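The listed protein sequences correspond, in order, to chains A and B. Residues 176 to 488 in the working numbering are what the first sequence spells out, letter by letter. Residues 324 to 512 in the working numbering are what the second sequence spells out, letter by letter.
Just to be clear, a hint being listed does not mean it is correct.
[Said to hold, decoys possible] Here are the simulated DSSO-like pairs of lysine-lysine, each with C-alpha atoms no more than 30 Å apart in a straight line:
1. A:Lys-404 <-> B:Lys-466
2. A:Lys-404 <-> B:Lys-381
3. A:Lys-366 <-> A:Lys-209
4. A:Lys-441 <-> A:Lys-483
5. B:Lys-376 <-> A:Lys-366
6. A:Lys-483 <-> A:Lys-404
7. B:Lys-466 <-> B:Lys-480
8. A:Lys-404 <-> B:Lys-399
9. B:Lys-466 <-> A:Lys-366
10. B:Lys-487 <-> B:Lys-466
11. A:Lys-441 <-> A:Lys-466
12. A:Lys-351 <-> A:Lys-366
13. A:Lys-366 <-> A:Lys-404
14. A:Lys-483 <-> A:Lys-466
15. A:Lys-209 <-> B:Lys-381
16. B:Lys-440 <-> B:Lys-487
17. B:Lys-441 <-> B:Lys-466
18. B:Lys-381 <-> B:Lys-466
19. B:Lys-487 <-> A:Lys-404
20. A:Lys-466 <-> B:Lys-480
21. A:Lys-209 <-> B:Lys-487
22. A:Lys-184 <-> B:Lys-466
23. B:Lys-399 <-> B:Lys-440
24. A:Lys-404 <-> A:Lys-209
25. A:Lys-366 <-> B:Lys-441
26. B:Lys-480 <-> B:Lys-441
27. B:Lys-441 <-> B:Lys-376
28. B:Lys-399 <-> B:Lys-381
29. A:Lys-209 <-> A:Lys-184
30. B:Lys-480 <-> A:Lys-209
31. A:Lys-351 <-> B:Lys-440
32. A:Lys-184 <-> B:Lys-376
33. A:Lys-441 <-> A:Lys-476
34. B:Lys-440 <-> A:Lys-184
35. B:Lys-480 <-> A:Lys-184
36. A:Lys-476 <-> A:Lys-466
37. B:Lys-381 <-> B:Lys-440
Please keep in mind that the hints were generated in silico from the structure rather than gathered at the bench. Note that the structure is a prediction, hence the values are computed from the model and not measured.
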Amino acid sequence: MNERDNIEKEAADWLARIDRGLDDQGVASFEQWKAASIEHRITFIRLQTVWRRADRLAALRRPRPEIPRPQVGLKWLAAMAAALLICAGSGFGYFWVHKSTSQRFETAVGAQRSISLADGTQIELNTNTLIHTSMSPGIRTVKLDRGQAYFDVVHDAHRPFVVIAGNRRITDLGTKFSVFRDGDRVEVIVKEGQVRVDVITPGSSDAPVVAERNTIVMARNTETLMVAKPQQEIENELLWRSGMLVFNQERLADVADEINRYNVRKIEVVGAARDIRIGGSFRADNVDVLKQLLRDGFRLKVVDEGDKTTISN
Amino acid sequence: MESELEQWFAREILPLEPMLEGYLRRNWRDQSEVPDIRQDVYIRVYEAALREKPFNSKHFLFQVARNLMIDRLRRKNVVSFDSIADFDTIGAVEELPDLERWTAARQEVRILMDAVKKLPPRCREVMTLRKIDGFSQREVAEKMGITEDTVERQVSKAVRLLEKALHGTRGVLVSGVRRRMGRLGLLSK
Numbered sequence: 176m177n178e179r180d181n182i183e184k185e186a187a188d189w190l191a192r193i194d195r196g197l198d199d200q201g202v203a204s205f206e207q208w209k210a211a212s213i214e215h216r217i218t219f220i221r222l223q224t225v226w227r228r229a230d231r232l233a234a235l236r237r238p239r240p241e242i243p244r245p246q247v248g249l250k251w252l253a254a255m256a257a258a259l260l261i262c263a264g265s266g267f268g269y270f271w272v273h274k275s276t277s278q279r280f281e282t283a284v285g286a287q288r289s290i291s292l293a294d295g296t297q298i299e300l301n302t303n304t305l306i307h308t309s310m311s312p313g314i315r316t317v318k319l320d321r322g323q324a325y326f327d328v329v330h331d332a333h334r335p336f337v338v339i340a341g342n343r344r345i346t347d348l349g350t351k352f353s354v355f356r357d358g359d360r361v362e363v364i365v366k367e368g369q370v371r372v373d374v375i376t377p378g379s380s381d382a383p384v385v386a387e388r389n390t391i392v393m394a395r396n397t398e399t400l401m402v403a404k405p406q407q408e409i410e411n412e413l414l415w416r417s418g419m420l421v422f423n424q425e426r427l428a429d430v431a432d433e434i435n436r437y438n439v440r441k442i443e444v445v446g447a448a449r450d451i452r453i454g455g456s457f458r459a460d461n462v463d464v465l466k467q468l469l470r471d472g473f474r475l476k477v478v479d480e481g482d483k484t485t486i487s488n
Numbered sequence: 324m325e326s327e328l329e330q331w332f333a334r335e336i337l338p339l340e341p342m343l344e345g346y347l348r349r350n351w352r353d354q355s356e357v358p359d360i361r362q363d364v365y366i367r368v369y370e371a372a373l374r375e376k377p378f379n380s381k382h383f384l385f386q387v388a389r390n391l392m393i394d395r396l397r398r399k400n401v402v403s404f405d406s407i408a409d410f411d412t413i414g415a416v417e418e419l420p421d422l423e424r425w426t427a428a429r430q431e432v433r434i435l436m437d438a439v440k441k442l443p444p445r446c447r448e449v450m451t452l453r454k455i456d457g458f459s460q461r462e463v464a465e466k467m468g469i470t471e472d473t474v475e476r477q478v479s480k481a482v483r484l485l486e487k488a489l490h491g492t493r494g495v496l497v498s499g500v501r502r503r504m505g506r507l508g509l510l511s512k
């Protein structure tokens with residue numbers, strides 16, 4: 176066995192020990208081993224990446240039976256089904272059904288809103304968003320009809336927190352995440368912890384996926400894609416919560432699309448100007464700063480007409 | 324327990340591994356030496372990052388790889404202008420569109436599952452209980468009626484076998500669509 180194999184064996188042994196649980200003394204010896212050489216550190220990081228990648232296998236875990244599949248437009252029935260499942264045979268079903276509460280929250284274009292649920296969960300709604308919440312003793316369900324919402328969930332293993340967006344069900348596994356929905360397209364951004372994303376089209380047999388922190392999940396029809404992102408990019412994606420939008424050398428046409436989500440007066444970029452790349456941060460509702468920058472900085476034509484602004488070379 | 328630099332390395336450098344290995348394999352005659360060279364490249368990159376993190380990780384990684392191959396040729400005394408000129412230029416690597424490694428999620432689970440299936444029986448059972456069912460090592464030991472020490476040894480073995488089985492399968496290149504509004508559009512293709 177050569178030296179490199181030996182180091183790999185040691186790194187794997189450490190990983191297994193850490194997975195079992197280290198006491199303070201163990202942590203100290205591990206730090207010592209890592210500090211001994213860069214090769215130790217690199218070998219360990221590589222194996223750890225593999226080990227963490229295997230966490231995705233949790234997607235194959237059978238869903239817990241107490242999580243029902245709520246259906247669009249039938250939230251009362253869903254809440255009832257949830258309550259009945261939990262209380263099956265106990266005779267308390269009737270009372271539980273009446274303890275469940277359902278509410279509707281909406282924001283207009285350009286508006287944002289924070290909501291605190293009774294369980295302590297915080298929800299932040301972005302522009303032009305509509306959700307329905309349904310809280311029952313066995314399950315907490317939020318239906319995202321349109322727009323984007325950020326969830327800081329108080330985890331409760333006995334009372335799952337589920338977001339329904341289009342044909343996707345996102346189940347909280349102890350986490351902070353946002354969900355964006357535009358018709359049949361759904362995007363989930365995981366800031367902390369883990370979420371599970373299932374397809375809920377009847378008859379679909381697609382395996383659910385598990386997304387960890389700093390991951391973006393994109394879903395459409397039955398396709399699901401995932402990508403890991405640097406933490407900074409995830410923070411930028413979620414900056415709308417403080418009213419800011421951040422762009423990193425992106426096409427002006429795409430920037431306009433994003434800004435238009437927040438404003439009734441729409442920006443249209445035509446011609447070659449569409450491909451100009453711009454970066455920086457703007458307040459989502461302060462389009463004037465952007466227009467000024469484009470006019471003075473990029474020498475573009477900015478014409479306001481009716482309820483739209485046209486930008487061209 | 325995990326330093327900021329270690330996180331940086333896992334996040335910025337390791338995902339480039341399939342690309343790096345392709346580059347080394349195209350440019351190095353003795354393929355059996357490639358894993359060794361890759362490891363040396365990593366060490367150099369990490370050492371440099373200890374002083375200062377490179378501005379462009381990808382560019383820096385391939386520059387280190389190229390220099391290292393040249394050094395090795397020089398030491399073997401086989402360096403010639405031809406052999407160096409034959410190297411893919413860093414520019415060629417740089418000009419590749421900045422593909423994001425989108426993982427087709429279902430495919431990823433299948434790849435992982437196939438890798439687990441290939442493990443020896445006891446190893447496989449430990450991994451199934453630990454990673455799919457999410458039991459702790461202690462719980463796995465109880466369920467299988469074996470000691471925790473044995474479980475720990477199986478985990479150590481499993482992670483090394485998984486590394487070999489998954490080698491080069493990290494992610495599936497789909498396309499480089501960056502904007503959030505455009506991103507989902509690629510799915511309909």
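Hints, verified against the model:
Using a Cα cut-off of 30 Å, the hinted pair Lys-404 of chain A and Lys-466 of chain B is violated, with the two alpha carbons roughly 37 Å apart. At roughly 15 Å between alpha-carbon atoms, Lys-404 of chain A and Lys-381 of chain B fall within 30 Å of each other, so this suggested pair holds. Distance restraint check for Lys-366 of chain A and Lys-209 of chain A: the Cα-Cα separation of roughly 28 Å lies within the 30 Å cut-off, and the hinted pair is therefore satisfied. Proposed proximity of Lys-441 of chain A and Lys-483 of chain A is supported: the alpha carbons are some 5 Å apart, at most 30 Å.
With a CA separation close to 24 Å, the supplied pair Lys-376 of chain B and Lys-366 of chain A stays within the 30 Å bound. Restraint check for Lys-483 of chain A and Lys-404 of chain A: the C-alpha separation of about 35 Å exceeds 30 Å, so the hint is violated. With a C-alpha separation of about 19 Å, the suggested pair Lys-466 of chain B and Lys-480 of chain B falls inside the 30 Å cut-off, and the hint holds. The straight-line distance between the Cα atoms of Lys-404 of chain A and Lys-399 of chain B is roughly 40 Å, outside the 30 Å bound, and the hint therefore fails.
Between Lys-466 of chain B and Lys-366 of chain A, the direct Cα distance comes to roughly 34 Å. Violation of the 30 Å bound is thereby established for this hinted pair. Only pairs whose Cα atoms come within 30 Å are accepted, and Lys-487 of chain B paired with Lys-466 of chain B is accepted, the gap being roughly 28 Å. Only pairs whose Cα atoms come within 30 Å are accepted, and Lys-441 of chain A paired with Lys-466 of chain A is accepted, the gap being roughly 12 Å. This hinted pair checks out: Lys-351 of chain A and Lys-366 of chain A have alpha carbons roughly 5 Å apart, not beyond 30 Å.
At most 30 Å may separate the alpha-carbon atoms for a hinted pair to count; Lys-366 of chain A and Lys-404 of chain A meet this at roughly 10 Å. For the proposed pair Lys-483 of chain A and Lys-466 of chain A, the alpha carbon gap of about 12 Å is at most 30 Å, so the pair holds. About 25 Å separates the Cα atoms of Lys-209 of chain A and Lys-381 of chain B, which keeps this hinted pair within 30 Å; it holds. Between Lys-440 of chain B and Lys-487 of chain B the CA atoms are separated by roughly 13 Å; this keeps the pair inside 30 Å, and the hint holds.
Between Lys-441 of chain B and Lys-466 of chain B the CA atoms are separated by roughly 22 Å; this keeps the pair inside 30 Å, and the hint holds. Between Lys-381 of chain B and Lys-466 of chain B, the direct Cα distance comes to roughly 45 Å. Violation of the 30 Å bound is thereby established for this hinted pair. About 25 Å separates the Cα atoms of Lys-487 of chain B and Lys-404 of chain A, which keeps this hinted pair within 30 Å; it holds. With a C-alpha separation of about 60 Å, the suggested pairing of Lys-466 of chain A with Lys-480 of chain B is violated against the 30 Å cut-off.
The suggested pairing of Lys-209 of chain A with Lys-487 of chain B holds, with an alpha-carbon distance near 22 Å, which does not exceed 30 Å. As the CA atoms of Lys-184 of chain A and Lys-466 of chain B are separated by approximately 26 Å, the hinted pair is consistent with the 30 Å bound. With a C-alpha separation of about 42 Å, the suggested pair Lys-399 of chain B and Lys-440 of chain B falls outside the 30 Å cut-off, and the hint is violated. With a CA separation close to 26 Å, the supplied pair Lys-404 of chain A and Lys-209 of chain A stays within the 30 Å bound.
Taken as a hint, the Lys-366 of chain A and Lys-441 of chain B pair is broken in the structure, with Cα atoms around 33 Å apart against an allowance of 30 Å. Restraint check for Lys-480 of chain B and Lys-441 of chain B: the C-alpha separation of about 13 Å stays at or below 30 Å, so the hint holds. Pair hint Lys-441 of chain B plus Lys-376 of chain B does not hold up; C-alpha atoms about 39 Å apart against a cutoff of 30 Å. The suggested pairing of Lys-399 of chain B with Lys-381 of chain B holds, with an alpha-carbon distance near 27 Å, which does not exceed 30 Å.
A C-alpha spacing of about 14 Å is found between Lys-209 of chain A and Lys-184 of chain A, which places the hinted pair at or below 30 Å, so the restraint holds. For the suggested pair Lys-480 of chain B and Lys-209 of chain A, the alpha carbons sit about 20 Å apart, so the restraint of at most 30 Å is met. For the suggested pair Lys-351 of chain A and Lys-440 of chain B, the alpha carbons sit about 33 Å apart, so the restraint of at most 30 Å is broken. Restraint check for Lys-184 of chain A and Lys-376 of chain B: satisfied, since their Cα atoms lie roughly 29 Å apart, inside the 30 Å limit.
Under the criterion of a C-alpha separation no larger than 30 Å, the hint pairing Lys-441 of chain A with Lys-476 of chain A is consistent with the structure, at around 16 Å. Restraint check for Lys-440 of chain B and Lys-184 of chain A: satisfied, since their Cα atoms lie roughly 22 Å apart, inside the 30 Å limit. For the proposed pair Lys-480 of chain B and Lys-184 of chain A, the alpha carbon gap of about 8 Å is at most 30 Å, so the pair holds. Only pairs whose Cα atoms come within 30 Å are accepted, and Lys-476 of chain A paired with Lys-466 of chain A is accepted, the gap being roughly 9 Å.
A C-alpha spacing of about 34 Å is found between Lys-381 of chain B and Lys-440 of chain B, which places the hinted pair above 30 Å, so the restraint is violated.
Hint compliance for this structure: hints 1, 6, 8, 9, 18, 20, 23, 25, 27, 31 and 37 are not met, and every other hint is.
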